[in-house]
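Novice: The residues making up each chain are set out below.
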Amino acid sequence: MSDLDTFRADTRAWLEENCPAEMRQPARGDGDACWGGRKFEFSSDAQKQWLERMAAKGWTAPMWPADYGGGGLSAAEAKVLQQEMARINARPPLSSFGIWMLGPALLKFGTEAQKKEHLPPIVRGEIRWCQGYSEPGAGSDLAGLQTKAVDRGDHYIINGQKVWTSYADQADWIFCLVRTDPSAPKHKGISFVLFDMDQPGVEARPIKLISGYSFFCETYFTDARAEKKNLVYEENKGWDVAKYLLGHEREMISGMGLGGGGGKPLPAMAKDAVGEEADGRLADPLLRAEIAMFEVRSAAYRAQAERFADEFKAGRGNPAQPSMMKYYGTELNKRRNELVMAAGGSDALEWDSEESGGGKKARDWLRSKGNSVEGGTSEIQLNIISKRILELPS
Amino acid sequence: MPLYLTEDQEMLRDSAEGFVREKAPVAHMRKLRDADDGTGYDPALWREFAEMGFTSILMSEDEGGLGLGHVEAGVVMEEIGKNLTPSPLLSTGIAAVAALKHGGAQHRDKWYPKIAAGEAVAAIAVDEGAKHDPAATAMTAARSGNGFKLSGRKTFVTHGHVADLLIVAARTGGSAGDADGITLFAVEKGAKGLKADPRRLADASIAARLEFDNVEVTADAVIGEVDGGWGPLNALLGAGRAAASAEMLGVGQGAADITVNYLKERKQFGVPIGSFQALQHRAAHLYAELEVARAAVLKAQQLLDEGSEKAHKAVHVAKAMTGWTTTLAVQEGVQMHAGVGMTDEYDIGLYMKRGRTLAELFGDANYHADRLAREAGY
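From first to last, the protein sequence lines are chains B and C.
Each step along the first sequence adds one to the number in full-length UniProt numbering, with nothing skipped, and position 111 is 111.
Each step along the second sequence adds one to the number in full-length UniProt numbering, with nothing skipped, and position 181 is 181.
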């Protein structure tokens, strides 16, 4: 037996014993996900247990070094873990911007002390993070951000406003882009700082969205304080960290084009609504054609996602490729949601009935419109492809 | 296996790229076309392809081939696509060779050495109407003594008027629309009762309409089982469609590359037109579509090489995806070249014409998307 086979056998046995039965059922929407943090209330004992057991092995962040609380697994082992979890339909033990976004940035740019201080609580789901990037006047033109940080020796005093801060009202800490040199060219006066949200100068107000959800907040800083030791990388070099992190974010969002999320496949959903011909074809030929075309693109994109991941692991491929993935994946996800609505007909319009799962289809459809905006609009991704990959003149 | 080319495959690509660019660039295709060449390809170049090993790429080393797979065959096809090279490689070295793997040894013993040497060309006679639909095969093969008599018509048979070997789908049982009852035959050049009517197509390639009037073949001509031709036919079509997808990807990539170059060179209002965002976004969108199509093609090739059951679907996806993507690439290419895109002098229009022919070959995007839907039960 190879080492990997042994690892697989051990992992399978461990998961069998440690993954509670309830955590092998699909999550009932986003509210059922485990986000951790100081303010988080577990929806069940099983959810808490599952997080604690996985965190103890470092498997909430399987590939992070064990020194920082991670699982210390190789890419091949992490893949095995993922496969074994999928085999028993195990839910992710933790959803976390700390794991997906801040962690990779700290591992690359952070000091030893910063890694030691911040990574282990992320792995354990004790501290929940949010991302302070966009501002009312700095959306696509992110580098135009104005939130100001003034040097006060061992700390900065921060004033300004962020917007589209995901779950800021529930987060414990924020990783934030601030302007530390107002006189430098805009990309060169930005710093990347971390600070605690639990202080008088920080206020987060949820924004109600067209979906009825409120994932995002407006976040205000009035003389908020960030310790100097929590400046990541060098002062005025925050843009390098931000760019690196945006790549991760785009990669994450691009996964949305892969559909999934359980539920009925599109063709079956459409059949329920419009019926079928004697030979089994969908009764609405135009909807059938649209679904068939979507399914081809979706299968092709799954292949591309696999290729992208393989190339990324091998250090190949264009560094701007995440922009292409983000663009294609989110546009595909929007199309999928449009087709879900078309297939569902008037049933899919119900907004709060029990049968509709509280309007899941309609709300997901509206939520998907944000995919091609957050993390950089589709148009920004096309700009990046034009300039960095096709090298078209500006 | 990771979904990108291995080092060996990249080396093959580099050598195929250099070889095809040097020996058969677009100028080569123009030369044949302008001389009103009636053969449809250059036999001397075909022998050079053989010397490179390209014609025997799918044959095992024991059979005198390179012992490689569909990924490698696709690597060569993509270069052919980029250079619009008229070549019998797809029908001969890929589709026919794949079909003959299923037949008796007599076919391989006879044809593999000739194909490997660049001395024989094969053509695929499947289509009977203007749209690809192999299950609808109506041509009959009636038992006659120890053999069969073939009667009926075939169309869109590339190289059919010059081929030494024709792979023909005919019906020994069942009726049009059934998969069962189709038998695959190897028919040789000059068979009595066989008439070929070559037609020049829009892209300057030549495809024949064939008429079979009681063409006699022996029982030995059967590839695989009588009434059981659907299996070898699908092997042929799987290989042919994957290769056509790769060639089409080459056409699309070639069209996109020359268009992006044009955007950097052409000036209006005192600046390169590639500095205009209206064109940048369309070029970037096309890049994304081509990347996704490329992944779909490579996935299909790898699954074919693994002998996976999933290959069948993946080939449908690849042919549909390249169909749409290359159509987009050539349309955007001609539009972005604007006036000169309409001239014969610029190559972009030739890409558009080649793309249209390849889109139809072995089924267009609608055909493949429809097949996938039917097989998924809707």
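Just so you know, these hints were derived from the structure itself, not from any lab.
It is possible that some hints are incorrect.
Claimed, not checked - Stretch by stretch, here's where chain C covers chain B in the computed footprint (C-beta under 8 Å, at least three residues):
no. : stretch
1   : 159–171
2   : 267–277
3   : 322–336
4   : 378–386
Ideal Cβ placement from N, Cα and C applies to all residues, glycine included.
Novice: Three or more residues of the stretch 267–277 of chain B near chain C by CB distance under 8 Å?
Specialist: Holds, because 5 residues of the stretch 267–277 of chain B bring their Cβ atoms closer than 8 Å to Cβ atoms of chain C.
Novice: With a C-beta cutoff of 8 Å, work out whether three or more residues of the stretch 322–336 of chain B approach chain C closely enough for the coverage to hold.
Specialist: holds (count 3)
Novice: Count residues of the stretch 378–386 of chain B with a Cβ under 8 Å from any Cβ of chain C, then say if the count reaches three.
Specialist: With 6 residues in contact (Cβ-Cβ under 8 Å with chain C), the coverage given for the stretch 378–386 of chain B holds.
Novice: Can the stretch 159–171 of chain B be counted as covered by chain C under the rule of three residues or more with Cβ-Cβ separation shorter than 8 Å?
Specialist: With 0 residues in contact (Cβ-Cβ under 8 Å with chain C), the coverage given for the stretch 159–171 of chain B is violated.
The structure shown violates just one earlier hint, number 1.
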